[in-house]
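S.K.: Sequence:
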Amino acid sequence: MCNVFAHRAENASLWDVEGREYIDFAAGIAVLNTGHRHPRVESAIAEQLARFTHTCFHVVPYEGVVTLAERLNELVPISGPVKTAFFTTGAEAVENAVKIARAHTGRPGVIAFGGGFHGRTLMGLALTGKVTPYKVGFGPFPGDVFHVPFPSAAQGVTAADALAAISQLFKTDIDPQRVAAIIIEPVQGEGGFNVAPTELMKGLRALCDASGIVMIADEIQTGFGRTGKLFSMLHHGVEPDLVTMAKSLAGGMPLSAVAGRAAIMDAPAPGGLGGTYAGNPLAVASAHAVLDVIEDEQLCARATTLGARLVARLLAAKESNKSIFDVRAQGAMVAIELRDPATGAPDAEAVRRVQSSALEQGLILLSCGMHGNVVRFLFPLTIPDALFERALGILDGALQA
Numbered sequence: 001m002c003n004v005f006a007h008r009a010e011n012a013s014l015w016d017v018e019g020r021e022y023i024d025f026a027a028g029i030a031v032l033n034t035g036h037r038h039p040r041v042e043s044a045i046a047e048q049l050a051r052f053t054h055t056c057f058h059v060v061p062y063e064g065v066v067t068l069a070e071r072l073n074e075l076v077p078i079s080g081p082v083k084t085a086f087f088t089t090g091a092e093a094v095e096n097a098v099k100i101a102r103a104h105t106g107r108p109g110v111i112a113f114g115g116g117f118h119g120r121t122l123m124g125l126a127l128t129g130k131v132t133p134y135k136v137g138f139g140p141f142p143g144d145v146f147h148v149p150f151p152s153a154a155q156g157v158t159a160a161d162a163l164a165a166i167s168q169l170f171k172t173d174i175d176p177q178r179v180a181a182i183i184i185e186p187v188q189g190e191g192g193f194n195v196a197p198t199e200l201m202k203g204l205r206a207l208c209d210a211s212g213i214v215m216i217a218d219e220i221q222t223g224f225g226r227t228g229k230l231f232s233m234l235h236h237g238v239e240p241d242l243v244t245m246a247k248s249l250a251g252g253m254p255l256s257a258v259a260g261r262a263a264i265m266d267a268p269a270p271g272g273l274g275g276t277y278a279g280n281p282l283a284v285a286s287a288h289a290v291l292d293v294i295e296d297e298q299l300c301a302r303a304t305t306l307g308a309r310l311v312a313r314l315l316a317a318k319e320s321n322k323s324i325f326d327v328r329a330q331g332a333m334v335a336i337e338l339r340d341p342a343t344g345a346p347d348a349e350a351v352r353r354v355q356s357s358a359l360e361q362g363l364i365l366l367s368c369g370m371h372g373n374v375v376r377f378l379f380p381l382t383i384p385d386a387l388f389e390r391a392l393g394i395l396d397g398a399l400q401a
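Each step along the sequence shown adds one to the number in the numbering used here, with nothing skipped, and position 165 is 165.
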């Protein structure tokens, strides 16, 4: 957490209560792909605010929810009839995706990946593959959840290793006919921005098809342009059965969703899904504006451009800074892993030094990774070129500090 308190923000800039400006490379943890207070988002919220703020869609429905669901049905990387259900948080989306998969299959088991993050509710924590700080003191967790390694070149784990681990799981821990779902982040967020290989995605799809398992793509952090495509799964040409969404879906307003094959989405009994604030009218109006901005301002293409600029800068810095062990990226979802050059050990303290130096110069950075030794970059995709270049200059200095 930064030791500054926000007073106001605009696009990729944030001012604290003392009037100091910061360049925001955190964006509320990937929530603000369209930036702080995008004018079209502000306008959409204001227009809805003048009409009504809440009825609960399950009591008195409204058009915005229906049209937003229709838009997402067309946009998610799933062919054939698709349906969408709305919720409030990313954790809720994950929980409900698991409920839908269990209702569809009549099975209890779920397979997730080490290093994955799927929320802070009890089922979310059961799925999350990182103990500290998320799981400590909060158990016991729901059962029939199993973890396998996530591919990582830095850790020496291949896609074949991950798929073999699932096969071994089926021999030692759970019959595949008892598995409802496999859930995966196409790019791990909290786990360190590890990018899933296409080989893994194709293998998972084949495995799910062979055993009647629901494949869930958790696109909560990767979705809505961050990786250079609207959804990261589009990089692989592999269709999941369900997609979870939140974060940048609604430009800072609390909204999440699960979209998936209609036959699977229809499995829960009437009334089995929902929530008092699910599909809040202000958040829905904001989401419509976000989708318009992403399309009209070509933010997917901009993510690719900005990500390439950042990666080039980081690779140049790696030549002189031997603590930069790895540079990982998909579009504008970029990170660097820092290790002690002498021992090769993960260096979380080096990350803290980089963050502290950058913050002193007015740049907000986030860490992640199983050992806290990864710096991740989540700037708004709407950041002006001059401000982006200024941020890269600050980053250059922080990496040499």
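For the record, the hints were derived by calculation from the structure and aren't laboratory data. One should not assume that every hint holds.
[As the list claims (entries may be wrong)] Here are the simulated DSSO-like cross-link-like pairs (lysine-lysine), alpha carbons at most 27 Å apart as the crow flies:
{"#": "1", "residue 1": "K83", "residue 2": "K135"}
{"#": "2", "residue 1": "K99", "residue 2": "K130"}
{"#": "3", "residue 1": "K83", "residue 2": "K99"}
{"#": "4", "residue 1": "K83", "residue 2": "K130"}
{"#": "5", "residue 1": "K171", "residue 2": "K83"}
S.K.: Please go over all the hints and tell whether each is borne out by the structure.
M.R.: Cross-check of the supplied hints:
In summary, the hint linking K83 to K135 is not supported, as the alpha carbons are separated by about 33 Å, beyond the 27 Å threshold. For a cut-off of 27 Å, the pair hint linking K99 to K130 stands: about 22 Å separates their Cα positions. For the proposed pair K83 and K99, the alpha carbon gap of about 15 Å is at most 27 Å, so the pair holds. Pair hint K83 plus K130 does not hold up; C-alpha atoms about 31 Å apart against a cutoff of 27 Å.
Taking the CA atoms of K171 and K83, the gap is about 35 Å. The hint is violated against a cut of 27 Å.
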